[in-house]
Amino acid sequence: MSSPPRASGYFRTDYADDYALLATRGARIWVALLVLALLAFPLIASPFQLDIACQVFLAGVGSLSLMLLTGYAGQISLGHAGLIAAGAFTVGILFRETNASFWITLPMAALVGALLGVIFGLPSLRLRGLYLAVSTLALHFVVIYIGGEYETRRGFSTGIMIDPPRVGSLEITDGRAWYFILLVAAASTLLICLNLLRTRSGRAWRAIRAHETVAETLGIGIAAYKLLAFVISSSITAVAGALFAYYRGFVSVEAFSLFLTIQYVAMVIVGGMGSLLGALLGAAFVTIFPYVIEGALLALPGAQGFASLLFAVNYAAFGVVMIFFLLLEPLGLVGMWHRIQNYFRLWPYKHRPAAGAHQ
Amino acid sequence: MSELGGQDADASPLTSDLWHLSSESVQLVVNIIVLAAIYALLACGYVLIYRVSRVMNMAHGELSMLGAYLLFATATLLAHHPIAALIVAVLMSIAVGVLVYVVLMRRMTGEMVLAAILTTIAIGILLRGVIVLVWSASEQHPLQALGFTNPSLPVFGGARISTCAALIVVMTALVYGSLFAFLRFGRWGVRMRAAGQNPLLAAQRGINLHAIYALAWSLSTLTGSIAGMLIALDSGLDQSMVVIGLKAFAPALVGGLDSLLGALCGALIVGSSEVLAIHYVDPLLSDVVPFVVLIAMLTVRPWGLFGTREELDRV
Amino acid sequence: MTLLEVQKLEVVYHRSISAVQGISLAIQPAQIVALLGTNGAGKTTTLRAISGFLGLDDARVSEGAILFKGEHIENELPHRNTARGIVLVPERDKVFPNLTVSENLIAPVPHGVGAGEQRRRETLVYRFFPQLRDLRHRIGGLLSGGERQMLALAGAIMCAPELLLVDELSLGLAPVVVSALLQRLREIRRELGLTILMVEQSAPVALEIADYAYVMENGRIVLDGTAERLRSHPDIQEFYLGRESGERRSYREVKQYRRRRRWYG
Numbered sequence: 001m002s003s004p005p006r007a008s009g010y011f012r013t014d015y016a017d018d019y020a021l022l023a024t025r026g027a028r029i030w031v032a033l034l035v036l037a038l039l040a041f042p043l044i045a046s047p048f049q050l051d052i053a054c055q056v057f058l059a060g061v062g063s064l065s066l067m068l069l070t071g072y073a074g075q076i077s078l079g080h081a082g083l084i085a086a087g088a089f090t091v092g093i094l095f096r097e098t099n100a101s102f103w104i105t106l107p108m109a110a111l112v113g114a115l116l117g118v119i120f121g122l123p124s125l126r127l128r129g130l131y132l133a134v135s136t137l138a139l140h141f142v143v144i145y146i147g148g149e150y151e152t153r154r155g156f157s158t159g160i161m162i163d164p165p166r167v168g169s170l171e172i173t174d175g176r177a178w179y180f181i182l183l184v185a186a187a188s189t190l191l192i193c194l195n196l197l198r199t200r201s202g203r204a205w206r207a208i209r210a211h212e213t214v215a216e217t218l219g220i221g222i223a224a225y226k227l228l229a230f231v232i233s234s235s236i237t238a239v240a241g242a243l244f245a246y247y248r249g250f251v252s253v254e255a256f257s258l259f260l261t262i263q264y265v266a267m268v269i270v271g272g273m274g275s276l277l278g279a280l281l282g283a284a285f286v287t288i289f290p291y292v293i294e295g296a297l298l299a300l301p302g303a304q305g306f307a308s309l310l311f312a313v314n315y316a317a318f319g320v321v322m323i324f325f326l327l328l329e330p331l332g333l334v335g336m337w338h339r340i341q342n343y344f345r346l347w348p349y350k351h352r353p354a355a356g357a358h359q
Numbered sequence: 001m002s003e004l005g006g007q008d009a010d011a012s013p014l015t016s017d018l019w020h021l022s023s024e025s026v027q028l029v030v031n032i033i034v035l036a037a038i039y040a041l042l043a044c045g046y047v048l049i050y051r052v053s054r055v056m057n058m059a060h061g062e063l064s065m066l067g068a069y070l071l072f073a074t075a076t077l078l079a080h081h082p083i084a085a086l087i088v089a090v091l092m093s094i095a096v097g098v099l100v101y102v103v104l105m106r107r108m109t110g111e112m113v114l115a116a117i118l119t120t121i122a123i124g125i126l127l128r129g130v131i132v133l134v135w136s137a138s139e140q141h142p143l144q145a146l147g148f149t150n151p152s153l154p155v156f157g158g159a160r161i162s163t164c165a166a167l168i169v170v171m172t173a174l175v176y177g178s179l180f181a182f183l184r185f186g187r188w189g190v191r192m193r194a195a196g197q198n199p200l201l202a203a204q205r206g207i208n209l210h211a212i213y214a215l216a217w218s219l220s221t222l223t224g225s226i227a228g229m230l231i232a233l234d235s236g237l238d239q240s241m242v243v244i245g246l247k248a249f250a251p252a253l254v255g256g257l258d259s260l261l262g263a264l265c266g267a268l269i270v271g272s273s274e275v276l277a278i279h280y281v282d283p284l285l286s287d288v289v290p291f292v293v294l295i296a297m298l299t300v301r302p303w304g305l306f307g308t309r310e311e312l313d314r315v
Numbered sequence: 001m002t003l004l005e006v007q008k009l010e011v012v013y014h015r016s017i018s019a020v021q022g023i024s025l026a027i028q029p030a031q032i033v034a035l036l037g038t039n040g041a042g043k044t045t046t047l048r049a050i051s052g053f054l055g056l057d058d059a060r061v062s063e064g065a066i067l068f069k070g071e072h073i074e075n076e077l078p079h080r081n082t083a084r085g086i087v088l089v090p091e092r093d094k095v096f097p098n099l100t101v102s103e104n105l106i107a108p109v110p111h112g113v114g115a116g117e118q119r120r121r122e123t124l125v126y127r128f129f130p131q132l133r134d135l136r137h138r139i140g141g142l143l144s145g146g147e148r149q150m151l152a153l154a155g156a157i158m159c160a161p162e163l164l165l166v167d168e169l170s171l172g173l174a175p176v177v178v179s180a181l182l183q184r185l186r187e188i189r190r191e192l193g194l195t196i197l198m199v200e201q202s203a204p205v206a207l208e209i210a211d212y213a214y215v216m217e218n219g220r221i222v223l224d225g226t227a228e229r230l231r232s233h234p235d236i237q238e239f240y241l242g243r244e245s246g247e248r249r250s251y252r253e254v255k256q257y258r259r260r261r262r263w264y265g
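Each protein sequence line maps, in turn, to chains A, B and C. Sequence positions in the first sequence follow our numbering and run 1 to 359. Sequence positions in the second sequence follow our numbering and run 1 to 315. Sequence positions in the third sequence follow our numbering and run 1 to 265.
No lab work stands behind these hints, which were simulated from the structure alone. All figures in this text were calculated on a predicted structure; none of them were measured in a lab. Even glycine gets a Cβ: it sits at the ideal position worked out from N, Cα and C. Where hints are given, some of them may not hold.
Stated by the list, open to error - Not close to chain A: a few residues of chain B, all C-beta gaps over 12 Å, as computed:
id	residue
1	SER22
2	GLU24
3	VAL134
As the list claims (entries may be wrong) - Quick list of the computed label-pair ranges, beta carbon to beta carbon:
id	chain 1	residue 1	chain 2	residue 2	range
4	C	LEU77	A	TYR10	45 to 51 Å
5	B	ALA95	A	ALA23	52 to 58 Å
6	B	HIS279	C	HIS14	55 to 61 Å
7	C	GLY114	A	PHE324	43 to 49 Å
8	B	SER240	A	ASN99	36 to 42 Å
9	C	LYS69	A	PHE311	57 to 63 Å
10	B	SER240	A	TYR10	54 to 60 Å
Said to hold, decoys possible - To spell it out: a stretch of chain C is covered by chain B in this simulated footprint if at least three of its residues, at any positions, have a beta carbon under 8 Å from a beta carbon of chain B; those stretches are:
id	segment
11	50-61
12	83-96
13	108-115
Isolated chain A (complex conformation) (with noise of 0.2 Å):
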């Protein structure tokens, strides 16, 4: 992961400038205009456009958890939707059983969510790259099994249905409300994210991902930094699956299937393999994705008889998106970013000179 080229006059004097999150003065105001936007947005938007910012942070806390298992620790994970499962399980069981508030079942969730943490980051210890993908995805399995038979013996065979959280007399059941609640769960995620990466677990992820006997040779402790990323990533997950449980007010095991973890996966592809930006902007643009895919059904002439199938018609779209990730620009958006970035940087070369080629 390269840092980009910085114009000249840029140095740092003291150590906080050199862990500062916004090193330059360009870096802070465009920060400040984006938060400026972000906390605007709500005001002129529509409840139709606020729910699909909801479900952008929504995703965007899932796809961040992934990015850092996934894109940063280098543990390939298809089991996110179970994970999602579980936080949203535990939200909907706590709160048939025990009635418990949110301020018990979010900490539970997280809880839950380190647990199988630990459950599905034991194979890693023994297990790389497809093999641990599918035990992954095995773990997956087991886990909607046992949130299936939750509902049938409890006889939610529908699901569960759950209150909106309480604070106090208030119920949170605003579109605006939930919009900055889930802003800043997604912003604090993305913090909590950049803040690890640059510690000494994020560097000893990078290593691990980079070449994991190298890495042990280093003294990194290898299986302990990998559980640590399980646990992290899924405990994060699983608050995740939590908040959606609360925002849709209904939790049922027939919304966790495969599909939505590669859902997942493909915001980590799509966006663009380790990197935090990428994380946002792949979860973006796969839930922005089925309602474009609407539009233009709707949009298209003699296209009507297919909005019946829409179902059908996003995951067509989405395969065809996912496989022209993936043959043609496998770095993803970001890499799109940063290749349109390097051209008008690099203009009129087309490359960064090789070091040491010409004697």
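Starting from the structure of chain A, add chains B and C where the hints point.
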């Protein structure tokens, strides 16, 4: 998926005095054999591609389903020529396999295998969407379209098996027999394994990688489609076939992803576990049992029963 | 007639890294030619360019030509060049690690011969490398370094090559093993009439067996000549054969040295 083979309640409640088995147990054995045959037929598709390119074809279930839908299409189009319909469908599925390789997977040669696996997942999703768009999501019955019937045949001991299920078992035996003959006793079996282990060296030793990959893909789609077609003939055709395809990778892994013999054994193990669990514990377990067996095998012996014990980080 | 001719070859990785920058060489039939140079000189890339890239690392021949018996072979797939009779013994990953020794010898596809001829070749190969016959059922990955190199050479011979490309024959092997291998290589060349192009970091090894040699540096050829001439060349003696001339030179100077006066003299 409905239970294959049926139990005839009016049959005499016996047996084969020789084995002192109740007809219920014999029926269980029959069911196990049928399910194992299905898993084996589907699993060998995974093995073929993995052996040759280290790629796990996650679209295998969807490709098999496509084969079944192609049979339905040819059956409805060639309504009075069922044999021709079958042959055309089989040829089309081989073509699909080659096409998928040539158009898509070929570009992934030399890329990270993870990317290749994700590409197969994407292909699977694409196929699912396209199939529903072309044929709709409702259940189809290629059996009726072909004009055949599927009578239930008696097997020894009071158990019964449907004709198509019996066909599945026969086809599985045939397919495995031919594959064994081709791979074990032929140089090309060794060459396929060589290509999987070290593609660059294989190319440098004169092995035409693209030809071998295309061959593996076409064989894989062929066996998968045969499985898909027979399952569809036996119990109807709809999107649920994808689930069977997914479950079938558990036996492939349990036996060892690059071993055909392993796929056969894995299919028997998973098949028997599933049938017994459904019968004695809880019918809902059917979708979970293969994965539990898989997890157990991964914990104990990640490379499966007969798989090559390679460095498992080489994705 | 020149068996292999390379004309102003340029090879580029990832569309931006120029590994070989315009080299030309010519190899006559039944010659043993050595390609010398330090790390990063572009020797392995040259061999792989002749044998054929498989698209890994986005490598391709961007300029120049490679002619084998008058036919252009740049940017061909490896198996096609093998069918023409150009076989490479790579530096790393030179055997199939999970196949047995005998399976390693079955796997290669010889060009233009039938099964009977293939069996005859197997016997031939076992005659050249008798140790391999005893190791027939050993898994390739479990062989020692010397055994592995033998197996790699044997596998290459199974392809019935006319031009054998050998990359770093001596790397990681004890001198005794290397001499034995070189001896075997001489016998093979004599019996099969092979032409050999070998890349070597160890100049003594190379100059012992080669008829002709090229010296590469930073992607260019800086010197070539018969083995005798090179052995007595003062710069080769100093920088490659380790005979001191008395002056102390830094490693950097050895690697990037301005030999304008002497090389091109």
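Okay, the hints, checked on the actual structure:
Every Cβ of chain A is farther than 12 Å from the Cβ of SER22 (chain B); the closest lies at roughly 30 Å, confirming the non-interface assignment. Chain A leaves GLU24 (chain B) outside its interface by the beta-carbon criterion, the shortest separation being 26 Å against a cut-off of 12 Å. The Cβ of VAL134 (chain B) does not lie farther than 12 Å from every Cβ of chain A; its closest approach is about 9 Å, which violates its non-interface assignment. Separation of LEU77 (chain C) from TYR10 (chain A) is about 47 Å and conforms to the stated range, judged on CB atoms against 45 to 51 Å.
Judged by the Cβ atoms, the range 52 to 58 Å given for ALA95 (chain B) and ALA23 (chain A) holds: they are separated by roughly 56 Å. In this structure, HIS279 (chain B) and HIS14 (chain C) meet the distance hint of 55 to 61 Å, their C-beta atoms being roughly 59 Å apart. Between GLY114 (chain C) and PHE324 (chain A) the C-beta distance comes to about 46 Å, which sits within the given range of 43 to 49 Å. In this structure the hint that SER240 (chain B) and ASN99 (chain A) lie 36 to 42 Å apart at CB holds, the actual value being about 37 Å.
Separated by about 60 Å at the C-beta atoms, LYS69 (chain C) and PHE311 (chain A) satisfy the suggested range of 57 to 63 Å. At roughly 59 Å, the beta-carbon separation of SER240 (chain B) and TYR10 (chain A) lies within the given 54 to 60 Å, and the hint holds. A count of 5 residues in the segment 50-61 of chain C with a Cβ less than 8 Å from any Cβ of chain B is obtained; the coverage claim is therefore met, three being the minimum. Proximity of the segment 83-96 of chain C to chain B, defined as three or more residues with a beta carbon under 8 Å from a beta carbon of that chain, is established by the 8 residues found.
Check result for the segment 108-115 of chain C against chain B: holds, 4 residues qualifying (beta carbon to beta carbon below 8 Å, three or more required).
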